[in-house]
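S.K.: Protein chains in written order, with this note's numbering: chain A, 1 to 440; chain B, 441 to 735; chain C, 736 to 1029.
Careful, some of the hints might be misleading.
[To be verified] Below, computed lysine-lysine pairings styled on DSS-like, alpha-carbon distance capped at 25 angstroms:
(1) B/Lys532 with A/Lys119
(2) A/Lys111 with B/Lys532
(3) B/Lys606 with A/Lys85
(4) A/Lys119 with B/Lys603
(5) A/Lys312 with A/Lys110
(6) B/Lys506 with A/Lys347
(7) B/Lys506 with A/Lys312
(8) A/Lys119 with B/Lys533
(9) A/Lys263 with A/Lys178
(10) B/Lys726 with C/Lys869
(11) B/Lys603 with A/Lys84
(12) B/Lys649 with C/Lys869
(13) B/Lys533 with A/Lys110
(14) A/Lys312 with B/Lys494
(15) B/Lys533 with A/Lys111
(16) A/Lys266 with A/Lys348
(17) B/Lys606 with A/Lys84
(18) A/Lys134 with B/Lys606
(19) B/Lys494 with A/Lys347
(20) A/Lys178 with A/Lys189
(21) B/Lys494 with A/Lys348
(22) A/Lys414 with A/Lys263
(23) A/Lys111 with A/Lys312
(24) B/Lys533 with A/Lys84
[Unchecked claim] Okay, the calculated beta carbon distance ranges per label pair:
(25) A/Ala316 with B/Val531: 13 to 21 angstroms
(26) A/Ser351 with B/Thr479: 24 to 32 angstroms
(27) A/Glu282 with B/Val531: 32 to 40 angstroms
(28) A/Thr338 with B/Thr479: 18 to 26 angstroms
[What the hints assert, rightly or not] Here chain A is said to cover these stretches of chain B; the calculated rule only asks that three of the stretch's residues, wherever they fall, bring their Cβ under 8 angstroms from a Cβ of chain A:
(29) 484-490
(30) 529-536
(31) 680-691
(32) 699-710
Simulated from the structure, these hints should not be mistaken for laboratory data.
Heads up, the beta-carbon is just placed ideally off N, CA and C, and yes, glycines get one too.
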Amino acid sequence: MSIVRSNSEDSANRNTSAMPSSEQCFDRTVERAVVAAVLQAAGPTRRQLLAGLGGAALAALIGEVLPLDKLKAFAADPVGKPEKKDLSIGFIPITCATPIIMAEPLGFYKKYGLNATVKRAAGWAMVRDWAINKEVDAAHMLTPMPLAITLGVGSVPVPFYMPAVENINGQAITLHVKHRDVKSPADMKGFRFCVPFDFSMHNYLLRYFLAEGGVHPDKDVQIRVVPPPEMVANLKAGNVNGYLAPDPFNQRAVYENVGFIYKLSKEIWDRHPCCAFTVSKEFAAQYPNTFGALFRAIVDATHYASNPAHRKEIAAAIAPTNYLNQPVTVLEQVLTGTYADGLGNIKKEPSRIDFDPYPWHSMAIWIMTQMKRWGHLKGDVNYKAVAEQVYRASDCDRIAKELGYPTHQATSMKHTIMGKVFDPDQADAYVKSFAINSMV
Amino acid sequence: MPSGTKSNPWLISGFLLAVFLLSWHFFTMRPTFDPRGMTEEQLQLMEFNGDIVKTPDGGYTWNPEKEKVKGVPGPLAVLDKARAELAEAFVKKGTNDHGIAYLVMYTVSRFAAGFLAASVVAIMVGILLGLNKVLFRAVNPYIQILKPISPLAWMPLLLYTVKDPKWTAILVVFMAALWPTLATTAFGVNSLRKDYLHVAAILQLSWIKRLFKVILPGAAPTIVNGLRISFGSALVAVVPAEMLLGELGVGYLSWIEWNNLDIAGVIFAILVVGFVGVILDSGFNKLAGLVTYQE
Amino acid sequence: MAFLQVDHATKYFPNPSGGGQVCIFKDVTIKIEKGEFVTVIGHSGCGKSTLLNIIAGLETMSEGGVILNGREASGPGLDRMVVFQSFALMPWMTVFDNIALAVRSAYPDWSREQVVAHVHKYIALVGLTGAENKRPTALSGGMKQRVGLARAFSIEPEVLLLDEPFAQIDALTRGVIQEELIQMWNSSRNTVFMVTHDVDEAILLSDRIMLMTNGPEARIAEIVEVTVPRPRSRATIIEHPHYYRIRNHIIHFLVRHAKHERGCDGTPTSNSVSEAPVEVNFEKESPRAKLTAL
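Only chain A is shown next, with the shape it has when bound in the complex (with noise of 0.2 angstroms):
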């Protein structure tokens, strides 16, 4: 995270205050770093609003937003012991999950001192319900899912953050057999699609992908929500004429021979974020210490993932009935990114699905301005604060540097989905781009 420091607020600061004392000084620098982190994130009007408001009414006003005094004692106590070390984490078995499942039975959890199972879901929704209900202490959910739940889209609002992401690509459009002769979205007007989830990078895009074919995903074809392990059986029994579903649901449609894979998400938007590592702001801030270890522990195991020389260990720990319940075959075409892709030919993508937690707020920012565009979000919506209150970008890049893994320059960035970039500045005027849209 860089750091700017803009000399009229040092001034000010030292003109408001006598003679500070250490634990001040650190706790101004904290303060600091995160006005700073905002400013630069705000685009240039903001910045002159919000520079004349002077840093410590700017701090206390971001207090507001982001709990200041958690983050410092965060900062301030990085190895304490954890509060609660028994964990239960919810997860859906599908391979995007994999640096939460594989830190069960790889020791990752056990090497930050904490006692955590995880529990295997049937849907999203019941993800979502265990983890507002708290019958989970963290959970896996779907990129949109912790943006949606602190907006109070489809569910009672309560806030929760997203400190890393779980994975990036990882997902593909697979067809039923006998649509091998399909070329592009035209030929697929009047097809049922399935998706795990309304707020999911599956549906957003599913969404894109048809619509820049010229096809309107809530008028010339349908799309529903199915959990990703029926999808499968739906396709096979010819309920649905494809879906967009993360692994191994695509990869098991070939294992099937009911499936082929029609195009992998990394054609849509190479290394797009697809599902999340989540929690509640409340347990992060009734437990500092078990989700620092806890946070530790995810990214650590993100990057080991991330590994291709890994992968194929990693297959075969996540296989078995308790977690996946997959053929090891199968996780192991998808981790590998060796794989028959249904249609009589092997192909080679070793990043078909890859493993970086950093939560880019640009990233937030795309999805929130899709959810606005298919009318998931209704009214004015202040993306860049909400991105970076729900996406933890500054305290992933804390702990991998702790961790000696690679940091970021910065919190957003420009995106280039099939061939059309998106600014996170302009994220107002990328919304009204789009011919297509079901926005009232």
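Given the coordinates of chain A, assemble chains B and C onto it according to the supplied hints.
M.R.: This is chains B and C only, laid out in the frame that chain A set:
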């Protein structure tokens, strides 16, 4: 020709079972894998995709792992699955994978808790309504509205208020078991012959004695009938409740096996549910036998 | 004041067809002395069973009251035990338990041995020794009613109310039980109020027979004194000169009152509601007694 030879029902039963198993096996048989006419590349692709495996003598055969999930499995596949599951019946391999004995225990205890609680409440309320015509007529419209609602339709509302999925599962069973017993108890008590109540009145029996010596024994056969219906209803509800709430149990097992498209596993889970149902039901018959009387 | 007195009893029921109320009986007064055996005879539906239920406290009357031994009797009680037409034995209890239930209610302070002895005594009295552990379903009608009688007598009630007790028993057994009833009653001499259709039974058992007209607004039209001296038996009673006179008189009454005495709008055609019952006594042979009133 000797006449009067009795036909043994068990022989017929056994015969029907044998016919069923043989036809099941016959219809799910697959021919052995024949590699003739396939290129090396095709064979490699099939092997890569897990369709076939190499045998020790260098030939190919269908992958037994995949046989489990291809179409409907034959009785032998189900038997294999059963053997594997029963061998580890008492093992806990992780938070999400407990042995079948544990799963049965969870399901039965969940079912028992919901069913017993519902039965107690239903009998108490049913007696009150059966004895008091005015109250019955006042409450009856609500019973008629609530009775046909599927217990699973209550699940989201219950989960939202109760928040804990364990309790929600028990409450779903409760909602399923409540109404039949309530309705039949009220009916049974109401249609108890007035003479018995008159005798109780003349003999100045205390309300406790009246309840336990006259009303309950008198209405018992009808109440037991209601319990039997509730019982079936609750058993039907517990399995999908487990599926929807992700609570470990036999219903959960059939759901997980379905997710993995392991039909043999699904059939096995169904058989277990049926087996548990049979055991509980026969216990019920014994209870019914204790309380029936003839006028 | 008689030992058991029904004073100006009136009973209304809501009209089943249409609105308003139907008067079952009006202003009925019955006086029964202690130790008397009184029977009410009338056609079905005239309200005699209702009258019995009112005395038993199982139903309420719209006007009037029941006085027993100088005190008002409201609600059921152990002092007025009923023997039911349908026997009313609890089918889930044995013969012994059925009677014991009553004995324990009447004598709550008794020890277990006392109760057992008492129950056995009455079972023996009705000749059912050996059947103590049988369920009612295994008994014939006659045996069931014997249990009913045993139960009733065992609590030694002030008043015994018999509601067509032998109507569901076959004719041959009926006669036998009637005589058994006489035997039982002879030793305990409870006050008895019986309702029946059977004229012969009434004459055999009762001291007085009350004749009830038909409803609506039924009333006791006549009270016939049974002038056959006790002890009576079926074999000898028919030899008595008054037997057939009484019998014929009653049958004539019943025949006369066979049709419902109702106008088209449900009002009674007779209006001698407030007349006191005519007393009929063949010993006294008064001209008034020969009058066939109403």
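S.K.: Are the hints correct? Go through all of them and say.
M.R.: Each hint, compared with the structure:
no.: 1; hint: B/Lys532 with A/Lys119; result: 14 angstroms, holds
no.: 2; hint: A/Lys111 with B/Lys532; result: 23 angstroms, holds
no.: 3; hint: B/Lys606 with A/Lys85; result: 23 angstroms, holds
no.: 4; hint: A/Lys119 with B/Lys603; result: 17 angstroms, holds
no.: 5; hint: A/Lys312 with A/Lys110; result: 22 angstroms, holds
no.: 6; hint: B/Lys506 with A/Lys347; result: 22 angstroms, holds
no.: 7; hint: B/Lys506 with A/Lys312; result: 20 angstroms, holds
no.: 8; hint: A/Lys119 with B/Lys533; result: 13 angstroms, holds
no.: 9; hint: A/Lys263 with A/Lys178; result: 16 angstroms, holds
no.: 10; hint: B/Lys726 with C/Lys869; result: 22 angstroms, holds
no.: 11; hint: B/Lys603 with A/Lys84; result: 22 angstroms, holds
no.: 12; hint: B/Lys649 with C/Lys869; result: 22 angstroms, holds
no.: 13; hint: B/Lys533 with A/Lys110; result: 18 angstroms, holds
no.: 14; hint: A/Lys312 with B/Lys494; result: 21 angstroms, holds
no.: 15; hint: B/Lys533 with A/Lys111; result: 21 angstroms, holds
no.: 16; hint: A/Lys266 with A/Lys348; result: 13 angstroms, holds
no.: 17; hint: B/Lys606 with A/Lys84; result: 22 angstroms, holds
no.: 18; hint: A/Lys134 with B/Lys606; result: 13 angstroms, holds
no.: 19; hint: B/Lys494 with A/Lys347; result: 22 angstroms, holds
no.: 20; hint: A/Lys178 with A/Lys189; result: 15 angstroms, holds
no.: 21; hint: B/Lys494 with A/Lys348; result: 23 angstroms, holds
no.: 22; hint: A/Lys414 with A/Lys263; result: 23 angstroms, holds
no.: 23; hint: A/Lys111 with A/Lys312; result: 22 angstroms, holds
no.: 24; hint: B/Lys533 with A/Lys84; result: 24 angstroms, holds
no.: 25; hint: A/Ala316 with B/Val531: 13 to 21 angstroms; result: 20 angstroms, holds
no.: 26; hint: A/Ser351 with B/Thr479: 24 to 32 angstroms; result: 31 angstroms, holds
no.: 27; hint: A/Glu282 with B/Val531: 32 to 40 angstroms; result: 36 angstroms, holds
no.: 28; hint: A/Thr338 with B/Thr479: 18 to 26 angstroms; result: 20 angstroms, holds
no.: 29; hint: 484-490; result: holds (count 4)
no.: 30; hint: 529-536; result: holds (count 4)
no.: 31; hint: 680-691; result: holds (count 4)
no.: 32; hint: 699-710; result: holds (count 3)
Consistency with the previously given hints is maintained throughout, with no hint failing.
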